[in-house]
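Protein sequence lines, in the order shown, are assigned to chains A, B, C, D and E.
Just so you know, our numbering puts 1114 at position 122 of the first sequence, and the rest follows in order with no gaps.
Just so you know, our numbering puts 1203 at position 211 of the second sequence, and the rest follows in order with no gaps.
Just so you know, our numbering puts 1116 at position 124 of the third sequence, and the rest follows in order with no gaps.
Just so you know, our numbering puts 1234 at position 242 of the fourth sequence, and the rest follows in order with no gaps.
Just so you know, our numbering puts 1037 at position 45 of the fifth sequence, and the rest follows in order with no gaps.
To be clear, the hints were calculated from the coordinates, so they are not data collected in a lab.
It cannot be assumed that every hint is accurate.
Chain copies aren't distinguished; within one or between two, either way the pair holds.
[To be verified] Each computed DMTMM-like pair below joins lysine to aspartate or glutamate, with the alpha-carbon atoms no more than 25 Å apart: (1) K1137 <-> D1091; (2) K1050 <-> E1069; (3) K1129 <-> E1216; (4) K1133 <-> D1113; (5) K1050 <-> E1242; (6) K1137 <-> D1110; (7) K1129 <-> E1169.
Note that the structure is predicted; figures quoted are calculated from it, not measured.
Listed here are the chains, written in short residue letters.
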Amino acid sequence: MKDAATSLGIGLAFVVVILANVLEGGNPTALLLLPPLLLVFGTTVLVTIAGGTMADAKQAVVSLKTAFLGGPQSCAEVVPTVVGLAERARREGLLSLEDSVRELDDEFLAKGVTLAIDGTDPDEVREILEAEVSAAKKAHKQSAKFYADAGAYAPTIGIIGTVMGLVHVLENLSDPEQLGHLIAAAFVATLWGVTSANVLFLPIGNRLKRLGELETTRMELIVEGVAAIQSGANPRVIAQKLGSLVPASEQAPALDAA
Amino acid sequence: MKDAATSLGIGLAFVVVILANVLEGGNPTALLLLPPLLLVFGTTVLVTIAGGTMADAKQAVVSLKTAFLGGPQSCAEVVPTVVGLAERARREGLLSLEDSVRELDDEFLAKGVTLAIDGTDPDEVREILEAEVSAAKKAHKQSAKFYADAGAYAPTIGIIGTVMGLVHVLENLSDPEQLGHLIAAAFVATLWGVTSANVLFLPIGNRLKRLGELETTRMELIVEGVAAIQSGANPRVIAQKLGSLVPASEQAPALDAA
Amino acid sequence: MKDAATSLGIGLAFVVVILANVLEGGNPTALLLLPPLLLVFGTTVLVTIAGGTMADAKQAVVSLKTAFLGGPQSCAEVVPTVVGLAERARREGLLSLEDSVRELDDEFLAKGVTLAIDGTDPDEVREILEAEVSAAKKAHKQSAKFYADAGAYAPTIGIIGTVMGLVHVLENLSDPEQLGHLIAAAFVATLWGVTSANVLFLPIGNRLKRLGELETTRMELIVEGVAAIQSGANPRVIAQKLGSLVPASEQAPALDAA
Amino acid sequence: MKDAATSLGIGLAFVVVILANVLEGGNPTALLLLPPLLLVFGTTVLVTIAGGTMADAKQAVVSLKTAFLGGPQSCAEVVPTVVGLAERARREGLLSLEDSVRELDDEFLAKGVTLAIDGTDPDEVREILEAEVSAAKKAHKQSAKFYADAGAYAPTIGIIGTVMGLVHVLENLSDPEQLGHLIAAAFVATLWGVTSANVLFLPIGNRLKRLGELETTRMELIVEGVAAIQSGANPRVIAQKLGSLVPASEQAPALDAA
Amino acid sequence: MKDAATSLGIGLAFVVVILANVLEGGNPTALLLLPPLLLVFGTTVLVTIAGGTMADAKQAVVSLKTAFLGGPQSCAEVVPTVVGLAERARREGLLSLEDSVRELDDEFLAKGVTLAIDGTDPDEVREILEAEVSAAKKAHKQSAKFYADAGAYAPTIGIIGTVMGLVHVLENLSDPEQLGHLIAAAFVATLWGVTSANVLFLPIGNRLKRLGELETTRMELIVEGVAAIQSGANPRVIAQKLGSLVPASEQAPALDAA
């Protein structure tokens, strides 16, 4: 399910920052200086990569697509699918699900049902599926951590640029005409450090963390669903049980207290 | 139950901030500049939205009503209701509760008792209700996190505005008459960043977190109550057990040690 | 047990701050300006209240007495009392404790022993007492959190005052005579923000958290004691077991390693 | 497996910082002042050592080699090895593995299989291996903590240098010619504090933490593998179970949601 | 076992700070001003005391000796002692250990073995010993927290001194000759705040936390050892099991991955 919160949010945030600069009489192009841009983006990405493995860095790049173009998959939609499978399994036996599996969009659900059809021991099935949930949880966490780390490095790396610039200025006080311009240039590094962190890295990190939470909630719901199908539980009870696992954000808003 | 802590607290806090400004001889209207207001509120809300999903953002808006106009529902009031149901169930049987359910204000309690009447297995009932508690916990956490995140972004976004303003000033040192005014305008962004975080976003986040805690305490009390009714426990023992789960803030103050 | 750490510590800390100011040639009364005092204390308390419920705020006020005039109740003293009760219960039966209960100072111990005398099931007794421990834990945490929150808000609210003051100064650079005085006044807000947080709010929050820890340790010791009495355990073993639960700070110092 | 993320990342990051300085017209050699370098690196390392034991410091030095020249060992490669052992054990009996053990590269796997061959009780084997996993986890954490601590100390120790420098400047305002140069020198301490933390200490700490996570994931996979071999489980099921424990970063990227 | 990491580390760190100051042409004695020293050390210690109880403060003072003159007790040395006891118990019976107990240096091991000899139930022995481990853990944590708290207060209290000094300066701008000197004096408070935190309080806190971890690891190893002796386990298996609990820092360095 596409969810435009991140692409819209980050895109419009940059527009607002530029607009505010223009409204104050500033010239946004004056902020596009190569040295601070190189310093802030280059160093931040490099030290973030240095804090993990090459595989982590690659996965973080791949997950960018998820953050901007992807979105949460519905939990609520899983419930009727599972209930349908449970009804058929009750009526026609577990093996009859072999046809249904082929039509399932969800790979994780398909894997679980296939394990059940193969006659794998229910405890074994749960263990295998939960190990996958746990591995997915760790992978999502790691990608989110990449951008959270970058968001923590960027402002201080901006400060490195500003202090280097100020040291340069202070060593060359002989040309007072240039002072204002040089100090301004020094501060642009801080500006890019703080902006890249708050308008880019940290929101991406938060988004990936949140999508990971929703994804694992969905996988946990499927684990319960497969276990219920395998145990031959009453489809009505399964619907009730899985329904109580669906996140509130997919139900009617339930937060208003009197 | 309406609880005015947030509406009063935040409202009066803004009054105090304005009053302090006036007492120092300042002019509060001089702080109402469009660029910093647009930058701080616009960017903060946009990057906070970017860190989640559209559904999260919608739920956060809905929960504003809860924060300002809602309040904690009483835990203590649940105890006599549950004890009354337990007494009737003991006297007239579980099925006799069907009439009582219709009169219950509390949806969650009604759902639990209905499951019990329907003859659902006690372990199953507990599992379904606990899944709802857990989903409610996550939903409350997510809404509180929205405002906590906004409170973390706002001051640094204010700094973005101030640094952009200072860069603009430093590039235009030729007009010393305007210097004071321009630097003042640059600092207004920091002012709004820090103020919006501390007087608006963070208190709302804390409030939603606290209401969520109290709500889940109440739901957990109901889970225990339904289990006790279903097990046919002695109403006197139920009263004692549920009573010990009521938060101290609803009992006589119990914090004074000698 | 009265423990003067907080009243003495905070009282003397204010004396030291004033003394250091006087020794540097400053005039402490110059710091008693109404606008920053109103801003820092007023806004901090108001936004802290806004982050919870009215009941939380009331309980936080009540707990001030505990922080300044109260102190930890002894854990070590509970051991002989419980051992005495266990001996009597072994000799004369559980019902014989009815007289002893009336002489107990400790309400929580009295409640536990009464439940045991009433013939409540041991698991039930433990569950009820542990629910009370958990409720007490949450209540202590909430009061400590109030002051920890206030300690987190205060410095940034001081910064609001200073930035407002500086904006005011920068808008009025025409009167250079007054500049020093006005900037000084602006910084007084930061001074009160940092001082109130570090010399008042944070120490009170830490104190309440610590007293809560000691109180719940003591309650947990009583839970074990009541369970041991009810199970008719050997008083010598009870003494040994409870003794190992007494915090090290009430025993001979055991931290020196060779 | 060698993984160049850290050596490349940190090396290139220093290049980028120097490049940015040169592009802005600065002279990087002007930053190589002995006093701030001595202060920042000397004090940071000394106080970090002071916060642990000599053995911790030695282990932190040893782990530098791992951070820069080492890398994560593959989890995925363990699976076929374990499955091979399981097949042989099923066909020829557990004792037949004695030959295979000698050819195993992995010491931990060899130890586990040896324990199994020796006829140690399965629960005992698991307990011994899990104790090793837990000890390895703690050791990795401790080394990572050394660099994380250094990264937390360094910027503030840089500030010590800058404030000492500024105090020195302010005491000697009589020579205005030297002012710029002296203030610049004072700021170099902050520069080295922030740079050493963000470009050196923190990335090393993050890297060691991550390698530790991957190493313990691998060890936990081996614990499961040895238990499965010992229980004589079906090799196909073992392959499926261990496969689900392999981290996503070693599988095809699985993060893209629709 | 004496471990000089802290005494050497902190001692040399102060030497390096002074050396760096001298190398920059500063005069370290100019930093020894009474008001900031009184303010920073006095207020920090007082508000830290205020955040706990008198008993906590006393224990924190006692633990200073441990931090500077003590060190970690060896875990590896415990293993052969326990194995020796286990062998004797197997050969000559548990009661034969009565002689061996008198020769044990370790009080905690002696207590455990005595409980075993007395015929206390194994579960009871484990419970008593684990309660002691838990109490020791809490005590170590509390002492470490004292210095961690002091390290968090000190820099902000230094800022209180600096802001008070600056307010004083700004109120007295009439004497420009004195300006530099007065501002320098104001910054000395920040200098002492940051230095005392990073070179004294925080390293002591970290050291105590680490010694506490190592001490509790050792105690947990003894708990396992006593349980193994009491169960009459095979000494060879005991050696293997306890060996896997010894921290990696006492074994050959095991962190280098290929």
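These are the hints, each one checked on the structure:
1. Within a single copy, K1137 and D1091 get their C-alpha atoms no closer than 40 Å, and across copies no closer than 43 Å, so neither meets the 25 Å cut-off.
2. Proximity of K1050 to E1069 under the C-alpha cut-off of 25 Å is restricted to the inter-copy arrangement: shortest distance 20 Å between copies versus 31 Å within a copy.
3. For the identical chains of this complex, K1129 and E1216 are neighbours both inside a copy (17 Å) and across copies (19 Å), given an alpha-carbon limit of 25 Å.
4. In this assembly of identical chains, K1133 and D1113 lie within 25 Å of each other by CA distance neither inside one copy nor across copies; the values are 30 Å within and 37 Å between.
5. Proximity of K1050 and E1242 under a CA criterion of 25 Å is satisfied inter-copy only: 11 Å between copies versus 32 Å inside one chain copy.
6. Taking CA atoms no more than 25 Å apart as the test, K1137 paired with D1110 passes in neither setting, with 38 Å inside one copy and 43 Å between copies.
7. Proximity of K1129 to E1169 under the C-alpha cut-off of 25 Å is found in neither arrangement, the shortest distances being 56 Å within a copy and 58 Å between copies.
In this structure, the earlier hints numbered 1, 4, 6 and 7 are contradicted, and the remaining ones agree with it.
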